[in-house]
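Given the sequences, and given the hints that come with them, work out the whole structure.
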Amino acid sequence: ETGVTQTPRHLVMGMTNKKSLKCEQHLGHNAMYWYKQSAKKPLELMFVYNFKEQTENNSVPSRFSPECPNSSHLFLHLHTLQPEDSALYLCASSQTRDRGNQPQHFGDGTRLSIL
Amino acid sequence: GQQVMQIPQYQHVQEGEDFTTYCNSSTTLSNIQWYKQRPGGHPVFLIQLVKSGEVKKQKRLTFQFGEAKKNSSLHITATQTTDVGTYFCAGRNDYKLSFGAGTTVTVRA
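Protein chains in written order, with our numbering: chain A, 1 to 115; chain B, 116 to 224.
These are calculated hints, taken from the structure and not from any lab test.
Just to be clear, a hint being listed does not mean it is correct.
[Stated by the list, open to error] Result set (BS3-like, lysine-lysine): computed pairs, CA atoms no more than 30 Å apart in a straight line: (1) A/52 <-> A/22; (2) B/172 <-> A/40; (3) A/19 <-> A/36; (4) B/174 <-> B/185; (5) B/166 <-> A/41; (6) A/41 <-> B/171; (7) B/211 <-> A/52; (8) A/40 <-> B/174; (9) A/18 <-> A/41; (10) A/52 <-> B/171; (11) B/185 <-> A/41; (12) A/41 <-> B/172; (13) B/211 <-> B/185; (14) B/185 <-> A/36; (15) B/211 <-> A/36; (16) A/22 <-> B/172; (17) A/19 <-> A/41; (18) A/52 <-> A/41; (19) A/18 <-> A/40; (20) B/211 <-> B/172; (21) A/18 <-> A/52; (22) B/185 <-> A/40; (23) B/211 <-> A/40; (24) B/166 <-> B/211; (25) A/41 <-> B/211; (26) A/52 <-> A/19.
What follows is the structure, given as structure tokens:
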């Protein structure tokens, strides 16, 4: 039990589908993150939210749309994805946005496959 | 931009042997964190180093931060099968945390 729960664990979708990834943290943290993990590559930070406000978008294509309704929930809405978007999508949380000084707690991830 | 490089990418170790994985940054870091990801799992925070030359130990794991705060190492003694996984370093600079690509460790029994 990590305190960060991601659903679904696995997702297969076509390029024209619309789906959403969900992340929920039970740690009382105020910052949440989306990462993309591809084989043999470093973790790629996608978005950062601090107290529900987006504070960082690392040039992520608009086919990925994040939503943070409150400090405990984070969504990643997916639309018209490409095959190269197939990866493990990890959600993480930390006490605040100053993430360098605090450990990040990761969820188990959603394994996404684009057909 | 800041880059964090890890070597080696893969480490195959005989059970009982020692090994070291290295993390190098192109810029001076404020601090560095280490994470471990078991196969099929998610990254789990291990430790954070902040001071120049800092050394911290967790049982058989020894973490070191370089004097110039641009590199770090993780040394594991008497490797066990439970040490299998990918070890990531993450360096902080200018409020940005950059992860290395990781060292994937396999153990021969």
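Is the Cα-Cα distance between residue 185 of chain B and residue 41 of chain A 30 Å or less? holds, 21 Å
Taken at face value, is the distance from the CA of residue 52 of chain A to the CA of residue 211 of chain B at most 30 Å? holds, 19 Å
Check the hint pairing residue 19 of chain A with residue 41 of chain A against an upper bound of 30 Å on the C-alpha distance. At roughly 25 Å apart (the allowed maximum being 30 Å), residue 41 of chain A and residue 19 of chain A satisfy the hint.
Are the Cα atoms of residue 41 of chain A and residue 171 of chain B separated by 30 Å or less? holds, 27 Å
Residue 52 of chain A paired with residue 41 of chain A [C-alpha distance capped at 30 Å]: holds, 28 Å
Pair hint residue 19 of chain A and residue 36 of chain A, alpha-carbon separation not exceeding 30 Å: holds, 16 Å
Taking only the CA atoms, is the gap from residue 172 of chain B to residue 40 of chain A under or equal to 30 Å? Holds: residue 172 of chain B and residue 40 of chain A sit about 28 Å apart, inside 30 Å.
Is residue 174 of chain B within 30 Å of residue 185 of chain B, Cα to Cα? holds, 25 Å
Regarding the pair residue 185 of chain B and residue 36 of chain A, is the alpha-carbon distance no greater than 30 Å? Judged against 30 Å, a Cα distance of about 25 Å means the pair holds.
Compare the distance between the alpha carbons of residue 166 of chain B and residue 41 of chain A with 30 Å, and conclude whether the hinted pair is satisfied. This hinted pair holds, its Cα atoms lying about 28 Å apart.
Decide if the proposed pair is consistent with the structure: residue 52 of chain A and residue 19 of chain A, CA atoms, cutoff 30 Å inclusive. holds, 21 Å
Can the restraint linking residue 211 of chain B and residue 36 of chain A be considered satisfied, given a maximum Cα separation of 30 Å? holds, 16 Å
The structure does not agree with the numbered hints 10 and 16 stated previously, though it agrees with the rest.
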